Amino acid sequence: MLQFIVDVLIRTSDIMLVAVGLSVVYSLVKFPNIAHVQYAMLGAFGTLALNRTGLPFSLALIGACVATGLVAVLLNVLVFKRLLRSGSSIAMIGSLAISMILVAVVLGVAGSRPFRYSSGLSSPINLGSTAISVDQITSIACGFGCVALLAVLLFKTGVGRSMRAMSSNPALAAATGVDGARVVNGITFLSGALAALGGTMLGLTETVHVGLGTNLLLPVFAAAILGGLGNPLGAAAGALLISTAETLVTNLDFGWLFGTSDVYVPVTYISAASFVILLVALLFKPYGIFDREVRRV
Amino acid sequence: MNTMLRLQDVHKSFGGNSVLTGLNFHVRTGEIVGLLGPNGCGKSTVLNAITGYCPIDQGLIEVGGQHVNGLSAHQIAAKGVRRTFQLPSMPTRMTVREVVMAASTRSHGLFSTLRRSGATRRLEHETRERAHHLLEELLLTKVEHLPAASISGGQKKLLGIACAMMEQPALLLLDEPMAGVHPNLRSELVTTLKRINGQGITLVIIEHDMHFISETCSRCIVLDKGKTVADCLPSELETHESVVEAYLGKKPGGQYRVAGVIA
Amino acid sequence: MYSFLLHVATLSCIYALLGLALNLQAGFAGLLNFGFVAFAGVGAYASAITSSLGYPAPVGVLIGVIAAMVVGFAMARLGRNLASDYWAIATLAVAELIRTVALNENWLTGGAQGISGVPALFRSASGVQNDLAFFLLALAMVAIALFACVRLSRGRFGRAIRLMREEPALAASLGYQLVPLKVKATVTSAAIASVGGSLLAHYMSFVGPDYMLASETFVIWTMVMIGGLGNNLGVVLGALLVEAIYSAVPFAKDYLNISSDIAGAVRLGTIGVVLLACLLVRPGGLLPEKIRSAT
Numbered sequence: 001m002l003q004f005i006v007d008v009l010i011r012t013s014d015i016m017l018v019a020v021g022l023s024v025v026y027s028l029v030k031f032p033n034i035a036h037v038q039y040a041m042l043g044a045f046g047t048l049a050l051n052r053t054g055l056p057f058s059l060a061l062i063g064a065c066v067a068t069g070l071v072a073v074l075l076n077v078l079v080f081k082r083l084l085r086s087g088s089s090i091a092m093i094g095s096l097a098i099s100m101i102l103v104a105v106v107l108g109v110a111g112s113r114p115f116r117y118s119s120g121l122s123s124p125i126n127l128g129s130t131a132i133s134v135d136q137i138t139s140i141a142c143g144f145g146c147v148a149l150l151a152v153l154l155f156k157t158g159v160g161r162s163m164r165a166m167s168s169n170p171a172l173a174a175a176t177g178v179d180g181a182r183v184v185n186g187i188t189f190l191s192g193a194l195a196a197l198g199g200t201m202l203g204l205t206e207t208v209h210v211g212l213g214t215n216l217l218l219p220v221f222a223a224a225i226l227g228g229l230g231n232p233l234g235a236a237a238g239a240l241l242i243s244t245a246e247t248l249v250t251n252l253d254f255g256w257l258f259g260t261s262d263v264y265v266p267v268t269y270i271s272a273a274s275f276v277i278l279l280v281a282l283l284f285k286p287y288g289i290f291d292r293e294v295r296r297v
Numbered sequence: 001m002n003t004m005l006r007l008q009d010v011h012k013s014f015g016g017n018s019v020l021t022g023l024n025f026h027v028r029t030g031e032i033v034g035l036l037g038p039n040g041c042g043k044s045t046v047l048n049a050i051t052g053y054c055p056i057d058q059g060l061i062e063v064g065g066q067h068v069n070g071l072s073a074h075q076i077a078a079k080g081v082r083r084t085f086q087l088p089s090m091p092t093r094m095t096v097r098e099v100v101m102a103a104s105t106r107s108h109g110l111f112s113t114l115r116r117s118g119a120t121r122r123l124e125h126e127t128r129e130r131a132h133h134l135l136e137e138l139l140l141t142k143v144e145h146l147p148a149a150s151i152s153g154g155q156k157k158l159l160g161i162a163c164a165m166m167e168q169p170a171l172l173l174l175d176e177p178m179a180g181v182h183p184n185l186r187s188e189l190v191t192t193l194k195r196i197n198g199q200g201i202t203l204v205i206i207e208h209d210m211h212f213i214s215e216t217c218s219r220c221i222v223l224d225k226g227k228t229v230a231d232c233l234p235s236e237l238e239t240h241e242s243v244v245e246a247y248l249g250k251k252p253g254g255q256y257r258v259a260g261v262i263a
Numbered sequence: 001m002y003s004f005l006l007h008v009a010t011l012s013c014i015y016a017l018l019g020l021a022l023n024l025q026a027g028f029a030g031l032l033n034f035g036f037v038a039f040a041g042v043g044a045y046a047s048a049i050t051s052s053l054g055y056p057a058p059v060g061v062l063i064g065v066i067a068a069m070v071v072g073f074a075m076a077r078l079g080r081n082l083a084s085d086y087w088a089i090a091t092l093a094v095a096e097l098i099r100t101v102a103l104n105e106n107w108l109t110g111g112a113q114g115i116s117g118v119p120a121l122f123r124s125a126s127g128v129q130n131d132l133a134f135f136l137l138a139l140a141m142v143a144i145a146l147f148a149c150v151r152l153s154r155g156r157f158g159r160a161i162r163l164m165r166e167e168p169a170l171a172a173s174l175g176y177q178l179v180p181l182k183v184k185a186t187v188t189s190a191a192i193a194s195v196g197g198s199l200l201a202h203y204m205s206f207v208g209p210d211y212m213l214a215s216e217t218f219v220i221w222t223m224v225m226i227g228g229l230g231n232n233l234g235v236v237l238g239a240l241l242v243e244a245i246y247s248a249v250p251f252a253k254d255y256l257n258i259s260s261d262i263a264g265a266v267r268l269g270t271i272g273v274v275l276l277a278c279l280l281v282r283p284g285g286l287l288p289e290k291i292r293s294a295t
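Protein chains in written order, with our numbering: chain L, 1 to 297; chain E, 1 to 263; chain Y, 1 to 295.
Because the hints were derived from the structure by calculation, they are not lab data. The structure displayed is predicted, hence computed values, not measured ones. Keep in mind that the hints are not guaranteed to be accurate.
Claimed, not checked - Facing chain Y, according to a computed beta carbon distance under 7 Å, are these residues of chain L, among others:
{"hint": "1", "residue": "Leu84"}
{"hint": "2", "residue": "Ile90"}
{"hint": "3", "residue": "Gly94"}
{"hint": "4", "residue": "Leu107"}
{"hint": "5", "residue": "Pro114"}
{"hint": "6", "residue": "Ser118"}
{"hint": "7", "residue": "Gly160"}
{"hint": "8", "residue": "Gly211"}
{"hint": "9", "residue": "Asn215"}
{"hint": "10", "residue": "Phe221"}
{"hint": "11", "residue": "Leu233"}
{"hint": "12", "residue": "Ile270"}
{"hint": "13", "residue": "Phe275"}
{"hint": "14", "residue": "Leu279"}
{"hint": "15", "residue": "Val280"}
A virtual CB, placed ideally from N, CA and C, is assigned to each residue, including glycine.
Please model the entire structure based on the sequences and the hints provided.
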């Protein structure tokens, strides 16, 4: 049971930060930014590169997050804003192109093999019959801690209030004096940094490889959509839900259905669980499970 | 069928906002009826409810004697109901003529389009002719080959009417047809609508322009706060107490002397 | 050199077929399908599986078409209430689901190894596929598809889906049923794509789950966007262009002796840059959609 919870928490923290980042910026840009998951990949590689130059892990992480945040802002200002003038579909396809370019750059520079951070081998801590490594604890703590911080930022500070105002109604917020450009750039920076953090954590618990972002695409979108795009805390809840479902599906013994024992869903189908959840979610609650908006025709 | 359109005790709210609060009115076949009222009284909601864009909470809507509440927009359209939109949005990648031709919805299936039998070719020819005729009637021939989104707002309104007319509807609901149309074209539009009515089509027109209403409509229904407050001739509007109250609010004691147009 | 050019030409034809199919759905009907490659993949696997069971090629193509149409139907019905951006992600999920099944069900699809030894369609005396004959077949298929797509897009069906694409509220008010239109467009597109997939299987003699990677859909999207979304000839041109770039890179790789990672990166990066440039500078594509009055 404890192993189950640990597995769920690890998987949740893997996708949560990236999903939250996506959700935070969605209401501003109004198109699904496929390149967002590649920010996670960039962050992971950024931390790796800085770490390799001798910086301690935590500093490398901060540097990578800042750098990725800046990349996100730059891309938004130079590319996405222009593309959005032609419509959200064009912007979405454009994010596809950016995604390809980012992957190509990293592939060309770093190659396709997996990397690990040189944080040193740490022996796993044993809690009863479950084992959990220091890296995994770091990842979970980081993930949940950041989401908690974000919640405080959004709901308890003036800056957060501006951000929420911009998210729900940019035009109105601008009219009431919220400095549109600064808040937009701030939100974009934050989403990029969050993605980078999430990517690094994922790299920590698994490996850093060029396909890291692409593998996150559907689970992250599933979590963000489940929670309601534009609802960052909802995205965190969505991530939890997806992880629980994924872990549950592969750990449940379906033997009782077939009259035997030890019938498990193959681990390779684990990703399918999040796709199915996403499809079901889109069918019944396309605006998210927390949707309470009233829409006048 | 004497009554073309009937609304009975219709209620609709959005969230906590009650827009229609027990609405009743009817329209007889062949009439031109104007639907008026101050902003927020529910006119557009009524139109959306009748044409299937907005389900009602309670009440009855009948078109030609048949229940239509709960039906979808295309199902109601199939019964011979057509509407125009207050802010018409037109495709950017189709010409005006193509849009009108697209308004002919018969026989648009895959196989008939691929096969292009004699029947399909004849239908295409008919559609083209009728489209051309309607565009002439509505003074849109000059912009026939332009992208539909590039014409003026008033012209888009007229295009909307042309589309609605393509399949000779029984009931045509117009949402502020004069808004955005050049005042010089007003008399042309009045003539056109009367001609359409002469072909047997029942018209319900939401409008604010009083001149237009008095020239076109045989009867006026005035809404306020989601209810019918007046059902009278256009000439009676200015002096009708409930109408004045609806637009200008209640004045304690004394009569209003309203000269000229009620805005 | 001749066989290389013939190879590029043949692949261009196959991808042109896929491009025309996607254009029907995305260009004319406005349905952003990001799981499009599933249709081609299903066709490819159908051909491979039926051939390995001994059935002649046309049977495989037919089964592929039917299976792809079922998937298309499911996707279209899935989307009946969804806004286009959400639907795009849903189709991506469906394609990934199908790919995961293909990856895992060894008994049916050969798992990660795929199915090899798919028989060539035109065998010369020595048993080697007659490439020229295959190219001519592929070319004929493109011609037929082009004819069909042009006729559909200019006729009543085309006007219906194009109106639905931009102004669904207006279309509904005129009596169009939007869901059946979406289904028809998607299912037709799926059928054409499936034929392309079957051709690919026979041409490459191999089918694998990598055929259905999301990146494959993105390549086809690139072809359509660069060539011209909503223009049938445009997408054929786009297919030729992108395929030429795609094939030139491995060519250069062997010539310049660069690693496969770098080659892969250059390929992907070039496509990405070209697509982005196209979107920024000429979003309509090289041959934008023609706005013409019905003649």
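For each hint, the structure was consulted:
1. With 7 Å as the threshold, the beta carbon of L/Leu84 stays out of range of chain Y, its nearest partner Cβ sitting at about 11 Å, so the hint is violated.
2. Look at L/Ile90: its Cβ gets to within about 5 Å of chain Y, closer than 7 Å, so that hint holds up.
3. Given hint, L/Gly94 at the interface with chain Y, holds; its Cβ is 5 Å from that chain's nearest Cβ, closer than 7 Å.
4. At about 4 Å, the closest approach between the beta carbon of L/Leu107 and any beta carbon in chain Y falls short of 7 Å, and the interface hint on this residue holds.
5. For L/Pro114, the shortest C-beta to C-beta distance to chain Y is roughly 13 Å, which exceeds 7 Å, and the interface hint is violated.
6. The closest approach between the C-beta of L/Ser118 and any C-beta of chain Y is roughly 22 Å, which is over the 7 Å cut-off, so the hint fails.
7. A cut of 7 Å between beta carbons decides the hint on L/Gly160: the least distance to chain Y is about 26 Å, and the hint is violated.
8. Taking 7 Å as the C-beta cut-off, the interface hint given for L/Gly211 is violated, the closest approach to chain Y being about 10 Å.
9. Interface restraint check: L/Asn215 against chain Y, minimum CB-CB distance 10 Å, threshold 7 Å, status violated.
10. For L/Phe221, the shortest C-beta to C-beta distance to chain Y is roughly 5 Å, which falls under 7 Å, so the interface hint holds.
11. Interface hint status for L/Leu233: violated, as the beta-carbon distance to the closest one in chain Y is roughly 20 Å, over 7 Å.
12. Taking 7 Å as the C-beta cut-off, the interface hint given for L/Ile270 is violated, the closest approach to chain Y being about 9 Å.
13. With its C-beta approaching chain Y no nearer than about 4 Å, L/Phe275 sits inside the 7 Å limit, and its interface hint holds.
14. Checking L/Leu279 against chain Y by beta carbon gives a least distance of about 6 Å; that is within 7 Å, so the hint holds.
15. The closest approach between the C-beta of L/Val280 and any C-beta of chain Y is roughly 10 Å, which is over the 7 Å cut-off, so the hint fails.
Of the numbered hints stated above, those contradicted by the structure are hints 1, 5, 6, 7, 8, 9, 11, 12 and 15, listed in ascending order.
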